Amino acid sequence: MAIDLRAVEQLATDQASLKAAAGLAKAGKWSAVGASSDGALIWGQCAGSGANPYRVMADLRDLGNKCTCPSRKFPCKHVLALLWLNAERIVPFAETETPDWVSDWLGRRRGGGAGRHATGEPSAPKDLEAARAPKAEMADPQAAVRREAAAAKRTEETQQAILDALDALEQWIGDQLRLGLGAFIDDATARCRRIAARMVDGKAAALAGRLDELPARLLALPMGERVRGAVVELGKLVLLARAFRARPRDPEIRRAVATTEPRETLLADPAAMRVTSTWEVLAELVETRRDGLVSQATWLLNLETGGPAFAMLLDFHPATAGRRASVFTPGERFAGELVFYPAALPVRAILLGRTPGPAEAAAAPWPRPIDEIGPQLMAPLLDQPWAIESPVLLPAGRLAADAAGALWWRAADGTTLPLADAVPRPLLGTALDAAAALWSNGRLTLLAAATPWGRLGARD
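Counting in this note's numbering, the sequence shown runs from 1 upward without gaps.
Restraint ranges, calculated between C-beta atoms of paired labels, are given here:
no., residue 1, residue 2, range
1, A319, G414, 36 to 46 Å
2, G224, E304, 39 to 49 Å
3, A319, R109, 22 to 32 Å
4, T415, R274, 29 to 39 Å
5, R154, R289, 26 to 36 Å
In silico SDA-like cross-links for lysine to any residue, where the CA-CA straight-line distance does not exceed 20 Å:
no., residue 1, residue 2
6, K29, V91
7, K203, R249
8, K19, E9
9, K73, A7
10, K26, D4
11, K236, E225
12, K236, G182
13, K236, N441
14, K236, A344
15, K203, D164
16, K203, T259
I should point out that these hints are in silico values taken from the structure, not numbers from a laboratory. The structure presented is a predicted model; accordingly, all values stated were derived computationally and were not measured. We put the beta carbon where it would ideally sit given N, CA and C, even for glycine.
Given only the sequences and the hints, what does the whole structure look like? Please build it.
Here it is, written out as structure tokens:
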């Protein structure tokens, strides 16, 4: 069963959606494409702007469809692109086992008529040929020159706006120190919100988000450690501001201050680190931010030699879109290629594709950690002193609680580090062969641990 391309044209809400779908109807944009035995159900995963691809599915019998993207258009460009792929047979829709996420959608559908709902308004005129056609270049031979000049001017203005914002930030930090850190901690939410708004005005969006989340990080510390925590947080902001002034074109620093480079830019960079390996999903950390976005960080452990030991896939979606189903399962192992964002210590990455890990990977042990924990904690301070957190692979040790109920990780050599939050009770007192954690503000956030009888997840 296949759909006619004219049906895709009629299904689109407007010409803009059709044009966007044409841009996505390319084999390189899709993975895990498949169909049911009768060809009536089709599905696939489309690469989006975040770390996780969007899951797209459609029923060709009634054109019912579903996509996990946050678009308010129905159907969205991803659904239209999937149908376009099917109509023109751009990729093979081979018969495969129906994924659980497709089966779940089918189970929730009410009857067979859950296709596109009429809006009561006439559909805007659409044109398939116009959607296919590339944008026409202007006849004016000076148009390209003017565009380049305008782009250079915007870049210069953005650069100056960021520098002005950083000046304001350092002045603000000095004011907090003069007024007293006790008063700052008591009023951190309001004060950080005001300076974050100034960062937004100054094109320093990433810095604004970091300032908005700073009060929550301070309040997560015990009362007696908050002043020290404030000194560390504000000190890192000063280091980041000065690093930007020294190296404004450094992609890692710019990412921490302004914005992350687009996915397309990273994939087109021949110097970007690409690592094909077997990975284990350690944990997924989901947080609702003050800016109305939900961040979803998926932490991976490299089970083979070569490349970074850890990888982090970061995705964002609006909180108003509700809880998004995870595409990963903690403890899952898969073979996949990752592209890492440029950094002194590469961690954040984009997943290009994955397949189930080889059979021998299921029983493969974790990499052997370095017995001395000190070098792992010091390396990020030397290369990324402004970083909020860094992943570490802890050697053999145990988790224990002291008389006051505080939790600690203790290595065989006596090295002891505090834990940031609670852990599952089975982990307390258990001998751990190794543990993966995040080190932030002098505390460990446990992700998962390897024990003599298997993996235990701290976030499962």
